[in-house]
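One-letter residues, chain by chain:
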Amino acid sequence: AQSVTQPDIHITVSEGASLELRCNYSYGATPYLFWYVQSPGQGLQLLLKYFSGDTLVQGIKGFEAEFKRSQSSFNLRKPSVHWSDAAEYFCAVGPSPRYSSASKIIFGSGTRLSIRP
Amino acid sequence: DTAVSQTPKYLVTQMGNDKSIKCEQNLGHDTMYWYKQDSKKFLKIMFSYNNKELIINETVPNRFSPKSPDKAHLNLHINSLELGDSAVYFCASSQDNLATAKNIQYFGAGTRLSVL
Chain A
278 AQSVTQPDIH ITVSEGASLE LRCNYSYGAT PYLFWYVQSP GQGLQLLLKY FSGDTLVQGI
338 KGFEAEFKRS QSSFNLRKPS VHWSDAAEYF CAVGPSPRYS SASKIIFGSG TRLSIRP
Chain B
193 DTAVSQTPKY LVTQMGNDKS IKCEQNLGHD TMYWYKQDSK KFLKIMFSYN NKELIINETV
253 PNRFSPKSPD KAHLNLHINS LELGDSAVYF CASSQDNLAT AKNIQYFGAG TRLSVL
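Chains as they are written, first to last, in this note's numbering: chain A, 278 to 394; chain B, 193 to 308.
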């Protein structure tokens, strides 16, 4: 069965420090991969997505993620975090057209990011 | 203008009551979704509709009944509310229901339902 694992429930980093949020997936083929961010009291906003091609994906707000097939990972990175990056981050996997015509997304359990001044 | 809007933002009610959450999107999308986010932040799809037709129906109690009067609206009605229904419910929409590179889901701000 498809699944997404975010092993870190809560991470605290200092403002200006680099960030890496981990995401591992289990899927029968190369899926579509997403990172969403949820700010307090807000809905989910798409940060970036991977469908095919270049395995290093650039997103909004200075975020990037790298797809590593051998590790079944899609980790999110940012070289220097800002206080406004404090939020909940969700990794998600969607089906490739080979397996499903419905855009059903499976979300990880989220990683809460806190920023230390 | 908010692309995907949900009302109300907060809903506090007693067990056994019936309540509805409304969702509207002004993106011209064909497909809309309801997700449930539990207290542990776990987000799971409940339903999706494409052009008013039910596409995805996960294992959800039949007390939950989605209604799509037109493709811009997908409302969620819940009968006989239970304590376990307390959660944040998110509405989302996408261009269509195909798993393609352009088909991104856009989310509303959520409705926090508290059942007492």
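Just so you know, these hints were derived from the structure itself, not from any lab.
These figures come from a predicted structure and were not determined experimentally.
Heads up, the beta-carbon is just placed ideally off N, CA and C, and yes, glycines get one too.
Be aware that one or more of the hints could be misleading.
As the list claims (entries may be wrong) - According to the in silico footprint, chain A covers these stretches of chain B (three or more CB under 8 Å from chain A): (1) 211 to 224; (2) 229 to 243.
Claimed, not checked - Derived DSBU-like pairs: lysine-lysine, alpha-carbon spacing no greater than 30 Å straight-line: (3) B:Lys294 to A:Lys381; (4) A:Lys326 to B:Lys211; (5) A:Lys326 to B:Lys201.
Okay, the hints, checked on the actual structure:
Counting residues of the segment 211 to 224 of chain B whose beta carbon lies closer than 8 Å to any beta carbon of chain A gives 1, which falls below the threshold of three, so the coverage claim is violated. Under a criterion of three residues with beta carbons nearer than 8 Å to beta carbons of chain A, the stated coverage of the segment 229 to 243 of chain B is upheld, 7 such residues being counted. Straight-line distance between C-alpha atoms of Lys294 of chain B and Lys381 of chain A comes to about 14 Å, which keeps the hinted pair within the 30 Å bound. For the hint linking Lys326 of chain A to Lys211 of chain B, the alpha-carbon distance of about 35 Å lies beyond 30 Å, and the restraint is violated.
Between Lys326 of chain A and Lys201 of chain B, the direct Cα distance comes to roughly 28 Å. Compliance with the 30 Å bound is thereby established for this hinted pair.
Checked against the numbered hints above, the structure violates hints 1, 4; every other hint is satisfied.
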